[in-house]
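J.: Sequence:
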Amino acid sequence: MARLPILVAPDPRLKQKAAAVGAVDDALRALMDDMLETMYAAPGIGLAAPQVGVLKRVLVIDIARDDEPKAPLRMVDPEIIGASDEDCVYEEGCLSVPEHYADVTRPAWVTVAYLDESGRRREQTFDGLLATVVQHEMDHLDGILFIDHLSSLKRNMILRKLLKSREKKA
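Take the sequence shown: its letters are residues 66 to 235, numbered as in this note's numbering.
Possibly wrong hints are sitting among the right ones.
Said to hold, decoys possible - Below, computed lysine to any residue pairings styled on SDA-like, alpha-carbon distance capped at 20 Å: (1) Lys226 with His214; (2) Lys135 with Thr170; (3) Lys80 with Pro163; (4) Lys82 with Leu72; (5) Lys80 with Lys135; (6) Lys229 with Ala95; (7) Lys121 with Glu156; (8) Lys121 with Gln81; (9) Lys135 with Lys82; (10) Lys121 with Lys226; (11) Lys234 with Lys121; (12) Lys80 with Glu182; (13) Lys82 with Leu93.
Read the hints as simulated data drawn from the structure, not as lab findings.
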């Protein structure tokens, strides 16, 4: 396994739409393992392939706390097939938008169809924090960042700070 570099906004690759995968093979399983290692090291609770520069519809999630056993979820070609009418608000952050957080409103639960790491089709309903994380990571597959759900004023302020931080490091 290997740790992968995480792209940081406003990297234009984060705004691109990822391609469907269609089938799970050993190379894709290795990518998901690398993504999990990268996510755990960051540390984070979700990571989508576009965040590591791979434009494939793949994501990994693990919301287990540090004192709980790891419970990784690997999804290939996820698709929301049902969502609640009720909304939920969570404070979101993102490994591609480091050190910035904001409240985002999303459906309280979603049902998702996806391929698991074995290539089997699954349908699962997620609620609470897991529903938010699934939707957040699926947004990455369509080139959407959580800051795109904010007002243009807040979004632009965060992007300016990220650019300024990048310039200081360069």
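J.: For every hint, state whether the structure bears it out.
T.: How the hints compare with the structure:
no. : hint               : in the structure
1   : Lys226 with His214 : holds, 18 Å
2   : Lys135 with Thr170 : violated, 27 Å
3   : Lys80 with Pro163  : holds, 16 Å
4   : Lys82 with Leu72   : holds, 15 Å
5   : Lys80 with Lys135  : violated, 30 Å
6   : Lys229 with Ala95  : violated, 35 Å
7   : Lys121 with Glu156 : violated, 26 Å
8   : Lys121 with Gln81  : holds, 10 Å
9   : Lys135 with Lys82  : violated, 29 Å
10  : Lys121 with Lys226 : violated, 29 Å
11  : Lys234 with Lys121 : violated, 29 Å
12  : Lys80 with Glu182  : violated, 26 Å
13  : Lys82 with Leu93   : holds, 18 Å
Going through the hint list in order, the structure does not satisfy hints 2, 5, 6, 7, 9, 10, 11, 12.
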